[in-house]
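One letter stands for each residue in the lines below.
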Amino acid sequence: MLRLLKIEWIKLKSYKAFWIMVGLYLFILFSITFGLPEFLDYIASKTSEGAPIKAFKTIAFNFADVWQNIAYVMGMRGFIKIFLALLVLVFISNEFSFLTIRSNILSGLSRTQFMLGKLSVVFLLSTIATVALFISGLYLGLRFSANTSTGAILSRMHWLLFYFIETYTYLTFALLIGILIRKTGFAIITLLSYIFIEPIIQYYVPESIEKFLPLNAMNGIISGVNTSLLQVKTDDFNLDDFIQSSASFTGIGLCLLYLGLIIALIHLYLNKRDL
Amino acid sequence: MSEVLSISGLTKKYGKLRAINNLDLTIEKGNVYGILGPNGSGKTTTLAIIMDIIKANSGTFKWFGEESSYRSRQRIGATLENPHFYPYLSAINNLKIIASIKDKPYKGLKDILKLVGLYDRRRDKFKNFSMGMKQRLAIASALIGDPEVLIFDEPTNGLDPQGIAEIRELIIRIAGEGQTVLLASHLLDEVQKTCSHVAVLRKGEKLFSGNLDELSKESELIEVSSNNLEILLEALNDIEDLGEIKKEGSIFLIQATPELSTADINEILIEKGIVLSHLNLRKRSLEKEVLKLLMQ
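Respectively, the protein sequence lines represent chains G and D.
261 is the number that our numbering gives to position 261 of the first sequence; each next residue is one higher, with no gaps.
258 is the number that our numbering gives to position 258 of the second sequence; each next residue is one higher, with no gaps.
Think of the hints as simulated: they come from the structure by calculation, not from any bench.
Ideal Cβ placement from N, Cα and C applies to all residues, glycine included.
Incorrect hints may appear among the rest.
Below are the DSS-like pairs computed for lysine-lysine, each with C-alpha atoms no more than 27 Å apart in a straight line [as the list claims (entries may be wrong)]: (1) G/K16 <-> D/K127; (2) G/K183 <-> D/K96; (3) D/K13 <-> G/K272.
Simulated coverage check for chain D against chain G, where a stretch passes if three residues somewhere in it have a Cβ under 8 Å from a Cβ of chain G [stated by the list, open to error]: (4) 63-72; (5) 100-114.
Please work from the sequences and hints to get the whole structure.
Below you can see the structure in the form of structure tokens.
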């Protein structure tokens, strides 16, 4: 496995486009993390009712809810995760458009090893995304949380793991699209279109089926935010629709099922087709 | 001699077109084997199948007497048609990728780059290379890790005359070291200059395979003529196992065999009281012979 990652590493380490995209992703992510509090302050100063916004910061960024809340925002489909997906599409379709997959195979890589190499890069990207999320959560929590005890920080960190699983599945999905489409441009158009098309499909299918749609399933573990501070409920004010107090086994299972299915498809396709 | 590669009954169809049809081929250790055929005859398809780039519809092949796997490919150095490398990477990094895939150390890479004359350009990006340099990098990648078999697919494609001469010299030198080589080419001259064995392909069918000498021996014709052609023809017809007699102007052409040399013919005819006015052994060049095969 380490050999496979090493091979991929040589391919990527002097590939400027790759590092520019990773840099751009981290730049945007950290701009949001470090800029959001100031942005909220600015909004608060411009409106007459600034108090709720200031309260929001404390509520949303409170340990340990901050892990889930930030994972929810950064994990939204069509948001900055797309940068990572584009990155995956570019590096996989490159192998087909430059036909370097051929020279990889004929030099002595098995088709399965080729897949495992790509999955290890996806693993690396998901890890980078998760670490960036951890840094963001830590910063926001330490600045705004009322409770900064070690216990509070460490609890509910499993939401980071959920974020990792969702990201890994989503990027593997991008890998599949890249392998099936082969042409970089078409692959990008396909993924972006599907992100728009799935909500349309969702509109027409029965509600009970909604959660089984691929992107829904890949985003199904973290489906809402949470707060332990705001428990107010009145007839006019009810947060229940947005609140997810815990992850469901169905959500985790569905996402992992999709992950397994996608990897099986990639494996089957690569082992059957001419390259 | 041990078998390095054995192919049996290999068939690949693209829709209705049979790119290769029921191909059998055996390559033994130390052979310098040429696969000769015009464009579209199935050379590259065959090589792509034995390197697991393309899946055959039917038939089998074995490397080193075993089921083919990535491990057998690690023991082979190969180039396929056009060189395929990462355009944004330097020559040395492209070779490092291949070395890592083959699980071989990097320390031999310098010498290989020097051998193909790319050492000074090793840090340049592949996309800035000329066709000739790309081809030479492909050959360099095939040489990594001292492979037991070398496969070259049209290795002199896109090279200038000097480059062609250099690459051929290199292949001959490698072959001279007892290395097993498989060379696909549409250039007869190239196969003639470098190979010990040859298989001729046309439209996916194998027309001939065997020793290069055998092919040229087959084409040895004895030319005979005398003042009286009728009596000569009668005498020739009396000789057993002579095969077909062709007439070319006032000359008869007879296929030469190990049992029937020019001397034998002369002796037989003198015994019959026929004096020849013309006796000659015509050696056909491989080119004509192969052209004959390809034209059939």
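So, going through the hints one by one against the coordinates:
Only pairs whose Cα atoms come within 27 Å are accepted, and G/K16 paired with D/K127 is accepted, the gap being roughly 14 Å. Our distance criterion of 27 Å between C-alpha atoms is met by G/K183 and D/K96, whose separation comes to about 26 Å. With a C-alpha separation of about 15 Å, the suggested pair D/K13 and G/K272 falls inside the 27 Å cut-off, and the hint holds. Chain G is given as covering the stretch 63-72 of chain D, and this holds because 3 residues of the stretch bring a CB closer than 8 Å to a CB of that chain, at least three being needed.
Judged by the Cβ-Cβ criterion of 8 Å, the stretch 100-114 of chain D is covered by chain G as claimed, because 4 of its residues qualify and three suffice.
Taken one by one, the earlier hints all hold for this structure without exception.
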